[in-house]
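**Q** Spelled out from the first residue to the last, the chains are:
Number of protein chains: 2
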Amino acid sequence: MDNKIYFDTETIDRLEKQQRVHLINSLGGFKSVALVGTSDTHGKTNLGIFSSFFHIGANPPLIGMIFRPSPPERDTMRNIVDTRFYTINHINESIYKQAHQTSARYDKDISEFDVTGLKTEYKNNFFAPFVAESTIQLGIEFREKIDISLNNTILIIGEIIQIYIPEDCLHKDGFVDLEKANTITCSGLDSYHKTVQLDRLSYAKPDKEITSLLQN
Amino acid sequence: MDNKIYFDTETIDRLEKQQRVHLINSLGGFKSVALVGTSDTHGKTNLGIFSSFFHIGANPPLIGMIFRPSPPERDTMRNIVDTRFYTINHINESIYKQAHQTSARYDKDISEFDVTGLKTEYKNNFFAPFVAESTIQLGIEFREKIDISLNNTILIIGEIIQIYIPEDCLHKDGFVDLEKANTITCSGLDSYHKTVQLDRLSYAKPDKEITSLLQN
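Order-wise, the sequence lines are chains V and P.
Residues in the first sequence are numbered consecutively from 3, following the numbering used here.
Residues in the second sequence are numbered consecutively from 3, following the numbering used here.
It is possible that some hints are incorrect.
Intra- or inter-copy, both count: the list cannot distinguish identical chains.
What the hints assert, rightly or not - Subject to a maximum C-alpha distance of 30 angstroms in a straight line, what follows is the list of computed DSS-like cross-link-like pairs (lysine-lysine): (1) K182 - K196; (2) K207 - K46; (3) K174 - K196; (4) K174 - K110; (5) K6 - K110; (6) K19 - K46; (7) K147 - K210; (8) K182 - K125; (9) K6 - K182; (10) K182 - K110; (11) K196 - K46; (12) K125 - K46; (13) K182 - K19; (14) K196 - K99; (15) K174 - K147.
Rather than coming from a laboratory, the hints here were simulated on the basis of the structure.
Keep in mind the model is a prediction, meaning the values are calculated, not measured.
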């Protein structure tokens, strides 16, 4: 088809460090991006942007994320392991610049809530702070930590124990209209995107034509 | 803010099974979605759609994905473990219906390439088949299998050893313009979306205003 550039292991290795980081971070496709809210054992809040979330299973409802051993991710992970509770807060078009700013390396005693102006929200006895401006909010309980020795990263698995969704974004069949909730997606390290739905497709079966689930 | 529905563990548990599956699959946000191409040890091809990819690290370039123990995911995983090579092929607007169709439970001796009409492409001595119609293609070598005992799923980690990107989608700093490559994203089990870039933002630092990296 079109003219493609080809990289193999050798040409990947020869890339300048930041080029390689941008390239490899882009290749997985569009990513889930959200703000993770935690508190330390003294109640000091922390907020960080992450783009490594993935669905692990619906029963129990499990969500995974990857942590690097360096700051600022390290502080979020320590709070999760120490206190067992964290929030995942979807990012919408109104707050994505503030969300991006949380990736700066602030001192441990500075709360990213304070510097970005995003507001903490506490509800239903959940220990960790939600982001008040976030449209879809999840309360997560820590379940398991798995070390990935290949590159010294860590997989944290949590169970979704609280869910907050705008009423008009939840369909009868359980589907959540993320686009209506203004949830955005990201690519690479720094690119943010809103979405335009192409279709919802029927459950695929052999020898059966796929149909649209949307009513026109 | 708006009227939100609240679910806790009890109300999640009371959901009908398919409702719960749709709901929980939606909550992580927009997802990477791509076609995984494999062959078995006899060279019989297999193609499956997955939406559980995540970046693990840039050096070495590692990508992870989650497998359920049931078909059709089981066939893809067996091929990966047996032959050590697989391809990840981005999905664009022209092929997303065919891509969705690969999620049907075909007999093991039927190739999803044949039933969907998507074409195999072999190049640079890579063992597994690429999808010819895919704009961004990755050749992956299997590195590690980690069992997640919490819910009987499996994390497969691979190293990106071949990359094919359209020339005009690769920026000088290594960033890949997925939107220009027509790569799409998905949400929930069956909703597909194209994207509209909001911005690329500068590297965040404390006490420094974020700026746009886009030239207007």
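**Q** Does each hint fit the structure? Answer for all of them.
**A** Hints, verified against the model:
no. : hint        : verdict
1   : K182 - K196 : both (11 angstroms within a copy, 14 angstroms between copies)
2   : K207 - K46  : between (51 angstroms within a copy, 21 angstroms between copies)
3   : K174 - K196 : both (24 angstroms within a copy, 24 angstroms between copies)
4   : K174 - K110 : neither (43 angstroms within a copy, 34 angstroms between copies)
5   : K6 - K110   : neither (44 angstroms within a copy, 33 angstroms between copies)
6   : K19 - K46   : neither (35 angstroms within a copy, 38 angstroms between copies)
7   : K147 - K210 : neither (42 angstroms within a copy, 34 angstroms between copies)
8   : K182 - K125 : within (24 angstroms within a copy, 42 angstroms between copies)
9   : K6 - K182   : between (36 angstroms within a copy, 13 angstroms between copies)
10  : K182 - K110 : neither (35 angstroms within a copy, 39 angstroms between copies)
11  : K196 - K46  : neither (32 angstroms within a copy, 39 angstroms between copies)
12  : K125 - K46  : within (17 angstroms within a copy, 54 angstroms between copies)
13  : K182 - K19  : between (38 angstroms within a copy, 24 angstroms between copies)
14  : K196 - K99  : both (14 angstroms within a copy, 21 angstroms between copies)
15  : K174 - K147 : neither (34 angstroms within a copy, 37 angstroms between copies)
Of the hints listed earlier, those the structure fails to meet are numbers 4, 5, 6, 7, 10, 11 and 15, in rising order.
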